[in-house]
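Peer 1: Here are the chains, one letter per residue:
2 protein chains.
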Amino acid sequence: MTDIATRVYNHKWKIDPIVRSLIDTDFYKLLMCQSVFRNRADTDVSFSLINRTKSIKLAELIDEGELREQLDHVRGLSLARGESTWLRGNMFYGKRQMFRSDFMEFLEGVRLPAYHLEKRDGQYELTFEGKWPEVMLWEVPALAILMELRSRAVLKDMDRFELQVLYARAMTRLWEKIQTLRELPDLRIADFGTRRRHSFLWQDWCVQAMIAGLGDRFTGTSNCLIAMRQDIEAIGTNAHELPMVYAALADSDAELRQAPYDVLADWHEEHEGNLRIILPDTYGTKGFLAGAPDWLAGWTGIRIDSGDPAEGAETAIRWWQERGEDPKQKLVIFSDGLDENKIIRLYRQFHGRTRVSFGWGTLLTNDFRGLVPGDGLAPFSLVCKAVSANGRPTVKLSDNPAKAMGPTDEVTRYKRVFGVGQQEELDVIV
Amino acid sequence: MTDIATRVYNHKWKIDPIVRSLIDTDFYKLLMCQSVFRNRADTDVSFSLINRTKSIKLAELIDEGELREQLDHVRGLSLARGESTWLRGNMFYGKRQMFRSDFMEFLEGVRLPAYHLEKRDGQYELTFEGKWPEVMLWEVPALAILMELRSRAVLKDMDRFELQVLYARAMTRLWEKIQTLRELPDLRIADFGTRRRHSFLWQDWCVQAMIAGLGDRFTGTSNCLIAMRQDIEAIGTNAHELPMVYAALADSDAELRQAPYDVLADWHEEHEGNLRIILPDTYGTKGFLAGAPDWLAGWTGIRIDSGDPAEGAETAIRWWQERGEDPKQKLVIFSDGLDENKIIRLYRQFHGRTRVSFGWGTLLTNDFRGLVPGDGLAPFSLVCKAVSANGRPTVKLSDNPAKAMGPTDEVTRYKRVFGVGQQEELDVIV
Numbered sequence: 001m002t003d004i005a006t007r008v009y010n011h012k013w014k015i016d017p018i019v020r021s022l023i024d025t026d027f028y029k030l031l032m033c034q035s036v037f038r039n040r041a042d043t044d045v046s047f048s049l050i051n052r053t054k055s056i057k058l059a060e061l062i063d064e065g066e067l068r069e070q071l072d073h074v075r076g077l078s079l080a081r082g083e084s085t086w087l088r089g090n091m092f093y094g095k096r097q098m099f100r101s102d103f104m105e106f107l108e109g110v111r112l113p114a115y116h117l118e119k120r121d122g123q124y125e126l127t128f129e130g131k132w133p134e135v136m137l138w139e140v141p142a143l144a145i146l147m148e149l150r151s152r153a154v155l156k157d158m159d160r161f162e163l164q165v166l167y168a169r170a171m172t173r174l175w176e177k178i179q180t181l182r183e184l185p186d187l188r189i190a191d192f193g194t195r196r197r198h199s200f201l202w203q204d205w206c207v208q209a210m211i212a213g214l215g216d217r218f219t220g221t222s223n224c225l226i227a228m229r230q231d232i233e234a235i236g237t238n239a240h241e242l243p244m245v246y247a248a249l250a251d252s253d254a255e256l257r258q259a260p261y262d263v264l265a266d267w268h269e270e271h272e273g274n275l276r277i278i279l280p281d282t283y284g285t286k287g288f289l290a291g292a293p294d295w296l297a298g299w300t301g302i303r304i305d306s307g308d309p310a311e312g313a314e315t316a317i318r319w320w321q322e323r324g325e326d327p328k329q330k331l332v333i334f335s336d337g338l339d340e341n342k343i344i345r346l347y348r349q350f351h352g353r354t355r356v357s358f359g360w361g362t363l364l365t366n367d368f369r370g371l372v373p374g375d376g377l378a379p380f381s382l383v384c385k386a387v388s389a390n391g392r393p394t395v396k397l398s399d400n401p402a403k404a405m406g407p408t409d410e411v412t413r414y415k416r417v418f419g420v421g422q423q424e425e426l427d428v429i430v
Numbered sequence: 001m002t003d004i005a006t007r008v009y010n011h012k013w014k015i016d017p018i019v020r021s022l023i024d025t026d027f028y029k030l031l032m033c034q035s036v037f038r039n040r041a042d043t044d045v046s047f048s049l050i051n052r053t054k055s056i057k058l059a060e061l062i063d064e065g066e067l068r069e070q071l072d073h074v075r076g077l078s079l080a081r082g083e084s085t086w087l088r089g090n091m092f093y094g095k096r097q098m099f100r101s102d103f104m105e106f107l108e109g110v111r112l113p114a115y116h117l118e119k120r121d122g123q124y125e126l127t128f129e130g131k132w133p134e135v136m137l138w139e140v141p142a143l144a145i146l147m148e149l150r151s152r153a154v155l156k157d158m159d160r161f162e163l164q165v166l167y168a169r170a171m172t173r174l175w176e177k178i179q180t181l182r183e184l185p186d187l188r189i190a191d192f193g194t195r196r197r198h199s200f201l202w203q204d205w206c207v208q209a210m211i212a213g214l215g216d217r218f219t220g221t222s223n224c225l226i227a228m229r230q231d232i233e234a235i236g237t238n239a240h241e242l243p244m245v246y247a248a249l250a251d252s253d254a255e256l257r258q259a260p261y262d263v264l265a266d267w268h269e270e271h272e273g274n275l276r277i278i279l280p281d282t283y284g285t286k287g288f289l290a291g292a293p294d295w296l297a298g299w300t301g302i303r304i305d306s307g308d309p310a311e312g313a314e315t316a317i318r319w320w321q322e323r324g325e326d327p328k329q330k331l332v333i334f335s336d337g338l339d340e341n342k343i344i345r346l347y348r349q350f351h352g353r354t355r356v357s358f359g360w361g362t363l364l365t366n367d368f369r370g371l372v373p374g375d376g377l378a379p380f381s382l383v384c385k386a387v388s389a390n391g392r393p394t395v396k397l398s399d400n401p402a403k404a405m406g407p408t409d410e411v412t413r414y415k416r417v418f419g420v421g422q423q424e425e426l427d428v429i430v
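Chains A and B are the protein sequences, given in the same order. If you're matching positions, the first sequence starts at 1 in my numbering and goes up one per residue. If you're matching positions, the second sequence starts at 1 in my numbering and goes up one per residue.
Same shape as in the complex, but just chain A (with noise of 0.2 Å):
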């Protein structure tokens, strides 16, 4: 019986919006937009995409005008009575009201500012320039979007059957990545893959499949939309744009030194528990640790997003054993290019020796590799990030020089600042 109903609606559409809500989007970056609110709102900053992966030519694959509409799409959207009512009652890591009322008003009222967006040698050159608390928003909706409209780009000319088989297909390997994951009796994981995801839908479909294959073992999603709809955590602490925007604000180079300690001071006052995880990578982990306050060391535990993971873990065992406490008590978080044959060899090598997490990203959401001639679905490295704060550039030196940004000069001032040396080029998977 054909739903005719259906059917006309479909063929009305204008677009098919990819973000449908302001809260599809990561739950730190609420989290940290609150922090930024309430501590440097007024900062001005500029966001910008940059492709790490050049081979892919978005201005080519994906056309303008269909950006733009989706970019104004989200321009449009504001805080529905329900999610806010959600983000206002919910639980989240077992404190309620987390969110405050001053930062609940704000959030009620904001739109997304203005976009600057350009072709260049086959890229799309797309900034956000405004206020810190309103740009950052722009970041994960913005991935999204590139992401979901490559992906479409790819799968325009596929018939329904061709379709009905690459889903089957990304079905079946993801299930047997959960069926795998399902050997290690004490897994925690979470789904981090909104950003570099393949499509909307299919997020909300991997999510399902982790709750159905995982049960307790999968710990909830970064995704506040999915995570509010299938009645599951939402899962988030903070990012590299703190501790970036913070230095790029510094006015000396002892400032600077002390920059990623004063985000996570900030952070310490407002947050306690799982929240407080340290991301000490932006101007190398070993620096960071050796010149943290002991304070720091009491926090819950550390993520490991850049360089080699298990030493990134090793080095910060060894921290804890040094400042006097229990790495058995503490979490190590692994979010950095995870598959599940990846998660399985650190779960094996930590697992007993500290409490181990593992946020999974693109390679859940996106994983397509392999499934269409061509391979033109695999993943690839999108980014957003700050670019600039009050006029001045921002750094990112990371644990693997792949992933550092900024320019030459301040890298280098950084680099002599952070005391960071000789870095491991690594490949930037996803």
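Careful: at least some of the hints might be erroneous.
No copy labels: a pair is met if it fits in one copy or bridges any two.
As the list claims (entries may be wrong) - Calculated lysine to any residue pairs in the SDA-like style (CA-CA distance at most 20 Å, straight line):
{"#": "1", "residue 1": "K286", "residue 2": "A402"}
{"#": "2", "residue 1": "K156", "residue 2": "G213"}
{"#": "3", "residue 1": "K156", "residue 2": "A212"}
Quick caveat, the hints were computed from the structure, so don't treat them as lab data.
Given chain A, put chain B in place with the hints provided.
Peer 2: Same frame as chain A, but now just chain B:
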């Protein structure tokens, strides 16, 4: 947008019919039915369902009431006007009006006769008695109903998500088989999987996958309803029931020895080209070919349905050479327990030496092996055979004693008459 009408409609179903049409059957059933209708219409026959896989207790899995509902539903079916038009007007094997008017009038009026159903030792005893042209139409729907009710019994406790993953995996598996088969440039392959299909909808999907993946290399389906709906060729020739019933009707050993040739003499008169395919194994291929009249060597080809298939094809090639025929002009159709690797092996061995074709059955339309716990959806060997004709038992010897049927003393007599010696027993896969 929920389609309320569809949901209400779904809830209203009394039964979900498995066989929805009298032409949801194998094309060769109709061809054979016409031959029987012309030559032996008045024969009283009895057909019985036999589950060769004793470990699967069908009467414990399948509710008797549901089975009766499905069987009763088939008894209520009659040839629809569009189906009759298609059979009358369609071109089969390049010939129009393959079905004569008197037969079409019979088919338009026919209703399937009563059935007898009992439970014994965890199995269903299901028999059909009456005139041959009517009783024979039960074989394929009876098998399809039992197969699909078994699938439904296993699936009924799975939730929506598990079902989605199950079918995704089955789709992926079939699509990978098809991609493997694409390596064979001159492949000729057809769907013979109606009788042991997982379900009607699944067979329909499998046929669409074959069309999409193999193009012209996919030569058609044995299922008339699917052939009509998908607008592709209906494929088939003849089966063991003809020589089995003809043999049972023989009044002497001499007539018995002649019976398989009488079948093909009747067939020869009616059909030409691709319909002149010898099925030689009912009472042993070697003896059949050795005693065959020369006009049979002029037929188009041979179907290998039991025994070692490569040996059967070599035997046929030698026989053609002995009879002065060119094997390169002949067609060998393999149809026993095929899967993609067996197909590739046989193709490589015989391609170029003769024309090769494949009738792919159970492992095309029912390969869910290993996809549910306890392997509850693995295919099994269910047949529905003529067991008596005018009160005399039928016998099948086959080229594999595991496929033999009939009372022991009659089997001994047939072996003597047809000169069948020692046979190699092979596992019956499906």
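Peer 1: Each hint: holds or not?
Peer 2: To see whether the hints hold, each was checked on the structure:
When the C-alpha separation of K286 and A402 is checked against a cutoff of 20 Å, the pair qualifies only within one copy, where the shortest distance is 18 Å, while the shortest distance between copies is 72 Å. Taking CA atoms no more than 20 Å apart as the test, K156 paired with G213 passes between copies only; the shortest distance there is 19 Å, against 31 Å inside one copy. In this homomeric assembly, K156 and A212 come within 20 Å of each other (Cα to Cα) only across copies, at 17 Å, whereas the closest approach inside a single copy is 30 Å.
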